[in-house]
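Line order of the protein sequences matches chains P and E. The numbering of the first sequence is full-length UniProt numbering, which starts it at 1 and goes up by one. The numbering of the second sequence is full-length UniProt numbering, which starts it at 1 and goes up by one.
Honestly, the hints are just simulated from the structure, not real lab data. Quick caveat: nothing in here was measured; it's all calculated off a predicted structure. Mixed in with the good hints there might be a few duds.
Stated by the list, open to error - Taking lysine-lysine and the PhoX-like style, the derived pairs with C-alpha atoms no more than 20 Å apart in a straight line are:
#1 754/E <-> 497/P
#2 210/E <-> 222/E
#3 497/E <-> 758/P
#4 334/P <-> 778/E
#5 778/P <-> 334/E
#6 760/E <-> 497/E
#7 778/E <-> 497/P
#8 497/E <-> 497/P
#9 754/P <-> 334/E
#10 629/P <-> 604/P
#11 203/P <-> 222/P
#12 777/P <-> 760/P
#13 760/P <-> 960/E
2 protein chains.
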Amino acid sequence: MGTVMGVYLPCLQNILGVILFLRMTWLVGVGGVLGTFIIVFMCCSTTMLTAISMSAIATNGVVPAGGSYYMISRSLGPEFGGAVGICFYLGTTFAGAMYILGCIEILLIYIVPQAAIFQIEGLEGPEAEAGMLNNMRVYGTIVLSFMALVVFVGVKYVNKLALVFLACVILSILAVYAGVIKTAFDPPDFPICMLGNRTLLSKGLDICAKTIERGNATVTTKLWKLFCDSEFLNATCDEYFTNNNLTQVQGIPGVTSGILAENLFGFYMEKNDILEKRGVPAVADPDVPPTNSNRYVLADITSFFTLLVGIYFPSVTGIMAGSNRSGDLQDAQKSIPIGTILAISTTSMIYMSSVILFGACVDGVVLRDKFGEGVNGNLVIGTLAWPSPWVIVFGSFFSTCGAGLQSLTGAPRLLQAIARDGIIPFLRVFGHGKANGEPTWALLLTASICEIGIIIASLDAVAPILSMFFLMCYMFVNLACALQTLLRTPNWRPRFKFYHWALSFLGMSLCLSLMFICSWYYAIVAMGIAGCIYKYIEFCGAEKEWGDGIRGISLSAARYALMRLEEGPPHTKNWRPQIMVLVGLDAEQNVEQPRLLSLTNQLKAGKGLTIVGACVEGTYLNNHAQAQKGEQALRKLMETERVKGFSQVVISSRLRDATSHLIQAGGLGGLRHNTVLVSFPKNWKQAEDNQRLRNFIEVVRETTTASLALIVPKNISAYPSNGERFTEGHIDVWWIVHDGGMLMLLPFLLRQHKVWRKCKMRIFTVAQMDDNSIQMKKDVMTFLYHLRLDAEVEVVEMNDSDITAYTYEKTLVMEQRSQILKEMHLTKNEREREIQSITDVSRGSIRRKNPSNLHPQKSITEEPAGVSVEEKSEEEVQLIQGKNATPTPTSPTSPASLSVGAMTPGEEMQMTWSDETEKGNNPSVVHPETARDMFNMKPNQSNVRRMHHAQKLNEVIVKKSQEAKLVLLNMPGPPKNRTGEENYMEFLEVLTEGLNRVLLVRGGGREVITIYS
Amino acid sequence: MGTVMGVYLPCLQNILGVILFLRMTWLVGVGGVLGTFIIVFMCCSTTMLTAISMSAIATNGVVPAGGSYYMISRSLGPEFGGAVGICFYLGTTFAGAMYILGCIEILLIYIVPQAAIFQIEGLEGPEAEAGMLNNMRVYGTIVLSFMALVVFVGVKYVNKLALVFLACVILSILAVYAGVIKTAFDPPDFPICMLGNRTLLSKGLDICAKTIERGNATVTTKLWKLFCDSEFLNATCDEYFTNNNLTQVQGIPGVTSGILAENLFGFYMEKNDILEKRGVPAVADPDVPPTNSNRYVLADITSFFTLLVGIYFPSVTGIMAGSNRSGDLQDAQKSIPIGTILAISTTSMIYMSSVILFGACVDGVVLRDKFGEGVNGNLVIGTLAWPSPWVIVFGSFFSTCGAGLQSLTGAPRLLQAIARDGIIPFLRVFGHGKANGEPTWALLLTASICEIGIIIASLDAVAPILSMFFLMCYMFVNLACALQTLLRTPNWRPRFKFYHWALSFLGMSLCLSLMFICSWYYAIVAMGIAGCIYKYIEFCGAEKEWGDGIRGISLSAARYALMRLEEGPPHTKNWRPQIMVLVGLDAEQNVEQPRLLSLTNQLKAGKGLTIVGACVEGTYLNNHAQAQKGEQALRKLMETERVKGFSQVVISSRLRDATSHLIQAGGLGGLRHNTVLVSFPKNWKQAEDNQRLRNFIEVVRETTTASLALIVPKNISAYPSNGERFTEGHIDVWWIVHDGGMLMLLPFLLRQHKVWRKCKMRIFTVAQMDDNSIQMKKDVMTFLYHLRLDAEVEVVEMNDSDITAYTYEKTLVMEQRSQILKEMHLTKNEREREIQSITDVSRGSIRRKNPSNLHPQKSITEEPAGVSVEEKSEEEVQLIQGKNATPTPTSPTSPASLSVGAMTPGEEMQMTWSDETEKGNNPSVVHPETARDMFNMKPNQSNVRRMHHAQKLNEVIVKKSQEAKLVLLNMPGPPKNRTGEENYMEFLEVLTEGLNRVLLVRGGGREVITIYS
């Protein structure tokens, strides 16, 4: 089929319909030519824009037969597709109801009024109305049953008659145009009788006069009797009747009469208002309610602008008729755009010209006379037609019948298509059909829904309902096009080039506006229905992969979000642990330490990124399968342990390289890990595990170099599973070095998890005998208060003799902690200035990183604090020095640079548990060569002494924390040389001996916790 | 300062204010007790919820002095912070104007009416109104200047007087309560004189009667003279005056009188309506406009519910007074929540009780009498007070003065704080101040803005303006809290625990609703102002890193989007090239082939992910700096070439491992590369570059294994830079093997870029002499038509003798291409079923991957098509076989599995240019051992023959495409063994000899282009 037969004519036939014949004149009369023109223009623009969007979608490759539903569902995904499909189905079904109601209206009002079952003759007001509605209901049900039967039996014939129906429509329209031309020179004679400015019912009216001269006597007319209590001239008459004259007005003054000016503006009426003619003088007391109102033509409904929109809109629907036939078209990609857009242009022209011509030819009172009660019960548009009103009456009757049949044919097929897609489980039954594929059940459902429309019984009430559903559908067509255009996947290459996302967006907005203009509560209900279907489909988990735009969005969104991130590391306030978990795989590619993932899960209150990494030895080509197996094991374990995150298995010829790769290049862009979680090697003393030991120490070194935090759980198998619940106990933090605050943050995070919720946090600090340990405890408590952490504080005093050996450590301890605690003693004023300096410092650092430094992430964290002080403005340095000029007793030696480092978020502060000379800057990062290494310094001497220290400290820790559920300790920096490695490990072993669960923590060189809000 | 002195009292003083004294009675009268109660309740709920949010923010660490502005800006970032800060500033400034206006209103109306400059005595209607407004303006300006001077000179005294002002307020309120109690047993005597149901002005009224009996004579009163033309009893009087009686009503019937019932509902009035008493009978002709209306008390403005909200709201603002003093508080974290919430509770109680008590004590006409014109010009609330109305008048006068002063003190400081933050450059001047830090310029600006409010001159008009700004500010406080709660960074740990995001959200919605309820156009204007400031700050690029929630969102969003993605590979329709560019770094860590990035940029129409990867040899610890330098070079180049994406430099002990690692583990989660772009090694024949050759071939192998597409530009330095523009020429595609469609997609993408826009695409296919090359051309054109690609098609015929050598290749060519072309001949019906089968297949594959397979991404692409066919339901297989039962002449041997593989998106279809036995599945992935390798098969023989083929083909290509700007060729699969490597490279060299720019393309084993929409 070509463009004309396959798209243009079907579209034309679907668009032109009942509203044009039954309501258009009324719309023009009530809304005025201008108002109605605006409505028509808006609606036609909407469909035109929708057609453009649809054309783009339809020409982006082979269109599957099934038309608009397929188009939307394949571009917007099953959820939206289903919701919109159902809307479209409901719209089509209600359209069927509307056609049937229109059909009966024509039949009962214009063709055979006597066929009415509930006679309304003589009834008044509400009763007459109810009677009419009941007639519609009874006849509607009969016609619906009959039509359903026809569709059930012989759908073929329906399709074949389509052209006949179209012929009827075109003939009728031509008749109207002919009639209009005729009015120019010979207007038809449709007189209306008016009393004052009120239109009288033409029924029962013989002559439009109060009296006639018969012979010589003045005889009263029938009209007289209607208004007076007797037929005599001296009878008491209705006051209005007495006061006003009767005039006869030409109903169709013709196109040359200039009546257009009179019809230009709207004339909205309340229900039961009497149809009045503008500009005609009448005598009436405004305070007296009209009497005898059943003699006049009354408005049957209250009309207002937005109602008119709702009633008019159905007459522009049907633009999808062409694309629905895509399967039968010879060249769908060419025919659909051209045919549809041509059809819309044609019909828009017809509608717009009709509006103007009706306004120009017909008198306002006739236009507003919905059922032609003032013009002898003629169809108003019929009065204009040439050669006879009956052309229109019958033309519209047949076309309306046909349209009804077609709706009843199309809707079940649409439902069947949706049901067959299987996205809405409860619709599944409607996917089945008769042996020949006819959807019996779907037809039944359609008829039932249609019956709802019939029971509503009023064309004016049903029209807005279907407007809603169609508008919804059109909105989504536009959305689909706009979305795909903006997403620009390479596969979005419509043949139809004249689309633009802005047009689609405009169309979408128009649809939405029209929905709310028509009726905001219907709009909300329709959206509610669509929303429910959407949620239902989502709930049922329709895992259709149709390559829809909605899923395409995820990709774009992820990419966009990631691109935005790469601005630098987050501020301390936004710091979250982004954990890279390094797990080992055994020979069967199973995870060696599954509890590592339990621990990760227990840290999930941090809500950061989690990457689980593992390494496989070999080459990618040969060990590919192994890696996949490993990754599957990882994912399975992650699912079991409910760790949400990503997994990466890397194959490398050397395990060491693979681990290093993971630490270096895990994550992407701004979404990088900042913390490495690795378990303490268990059997590192055994010779065969030497590689493991080496790997571990290298990991420690690399994390230090990369400024990553490191968490090392020792004895990981003793850690609780996610199912366990500690009902009591403590998490003990041994705050020996303030290393970015990680030590304090971890217990807080753990305690968010059910496993640790009931554990209490304790913080131990070590004080010398000569320290004021009471003041110290108070200071620490204030610090914790400002950190908003709940913890018990205990100050452990150690003998001078015991602590002498720790001199260098002690100094560090004091310096760092006291620096922090000193903050608590700042006066308000100083604190205020402090805040200002924070602002300035962070501004400074950003200013610094912007112009040339292309890798801001590194630049901040790896410069020692001293450098950033140098770059500060003089004023600020003064400020800082001013602060340091009042040192607290416990920190007599703290250098300026350290004090800034410790206090300003954004600046790093990292201390390794190593030589004294390193203090004040971050030696392992910047000057690794200048730092002396405690583990290598004096091989024999220091070794013995160190072990002694470790033992002493261990004794204290064991004494205090043996019963603790978890002990957190600072982890010292790794040795520089290979020779110190075993000593280092030994040191850690001694330090943690006798403790059940130990978490060794090493900060990443930046504050992770802040007292500032 | 403690909670009471530091927070509670300041809040109380700021909240209670002018509206309570000047408008509350009127609000109750107009809105009714119920309506006003609703307003009060809504407003108080809003501030209470805001206080809760604010408490959470304020207790999340040390609050910087500066209060609410700091709180918002530090939680929502500089853009929002600045916008909200300015709103808050404007709100405070207009509040100042409101207080001044209130102050003058009290002065001019209640204290010294005779001080008015523009006398309004005797003036009527608009003139009186204008006079009054002008009085306000003149006096307002004077008072404002005076106050500004006071602030400028001695801000200290202002603060010290705060408590005095508060005392005034409290005293006044106590007086009212006392008065209320007194009314219970001894109501004060405030009679109002009513004519009919109309309230008469009390001014000029001696006695409330028409006549009095003086002696024995009946003498007319003053009142008589006002309404009649003479003082005699027979004078002609105002009709209403004649018809109605005068009654005297008790203005304050007292709390026991039950007047509450009468005041329960609203009584809204139009402007200039006469104040009428409900339920009092009166004789009046509704059609006759009231005469002598200047004798009655008139409504001065049209009142409606939403207006009342706007006027009332300012009386609940001021809740931030406590948090603004955070710097001076002893324990801000405890005091702010308790003090603020207590103050709000107290004031809410006062307001609510006032509403009820006013309604219960005072008559409606008095309540509605805004300026007390019916009660001798008394302040209405004053009439209720005990011991004297003057307590209230003076109390409110002083408190209002004080509030005005405080606003003028606070606002400049706020402006100064904003200016000092430096986020709004043009405000910078306001950051400076006098020597003592007083912000002189800011004070000047504040006074100027305040003057605007004064010029508006009406309290009722200014109140809604400041309501807007405060509501805006409160909305953002709520937003900040909700956001932080939902983001849950570890550093969000407010001490105040009784917050919840839902409460904050509710507060936010309430604020927004109130804004639109007050006045939707003011709301839009306020939002517009805020929006402009936001955009301005964004435009100025305030790179403040305050650790705000807005920036925290990016991280969460990226993580969330990425988590969502990991569902599987995108559908063919959503396929984009996600390119991993492998570049080499030279000794100085500069990029060796910068044109690779130009090419990447030219491919950006794909809008996919780009990762630029490079490798450095060494260890992470030692070569860290080098890697950083390399990464910086990469980023610099990416910026120059405008490639948006990510860079990764990996250090490894072996370069090979690093490259392999990039290919394996580049990207994260669902955001993985699917295409590798690597340049052809230039000098591979030289011995020293042997490693490079090996690396290249391994990359080819690994991409094949990993199912990644591979793009290899040869002679990359000859490629155009981004600045070049080809004005003509062709992009030639030699379609020898259909390898997922990459070959066709690449020219399309390139042509989206300016460099290639003018180039035309040509497609060459090779036909045998016995092929119907005309039909073939037609088929190819149809295929391209359906692919929506514009290209010329050329079928190159080769002699039988020439082509015999290509037998195996030819077979593949024919099979694949013909399979695709066959599709064009399908009947409509078949095509429809095809669509259905696509749906089913993709459903099948998803169903398959769901239950157990944890790595869906791999499972789809790596299973051969044959496997998925086996898993299909019987019905579907039949369908496919049915299709194959009608093979087209050109594909006599195509197996079922291939046909599905070629046609269904989501299934892979990959053919390597290798042995015939491999066809139909993806040998290199699944059965690498079964495949014979053409480059190793027969070392001597095949080598010669292969080179011959390559030469022959090369001849044809050179003949046709020598002038082409770019030639795209299929890249054959790599050899299995090392021995074949050099031959392979030689083959590629021969094949591409004599061509300027060649792009060798190898598909990734899945369709990337589809004819389906």
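Results for each hint:
no., hint, in the structure
1, 754/E <-> 497/P, "holds (19 Å)"
2, 210/E <-> 222/E, "holds (8 Å)"
3, 497/E <-> 758/P, "holds (18 Å)"
4, 334/P <-> 778/E, "holds (18 Å)"
5, 778/P <-> 334/E, "holds (18 Å)"
6, 760/E <-> 497/E, "violated (67 Å)"
7, 778/E <-> 497/P, "violated (24 Å)"
8, 497/E <-> 497/P, "violated (58 Å)"
9, 754/P <-> 334/E, "violated (28 Å)"
10, 629/P <-> 604/P, "violated (26 Å)"
11, 203/P <-> 222/P, "holds (11 Å)"
12, 777/P <-> 760/P, "holds (18 Å)"
13, 760/P <-> 960/E, "violated (80 Å)"
In summary, the structure is inconsistent with hints 6, 7, 8, 9, 10 and 13 from the numbered list given earlier, while agreeing with the others.
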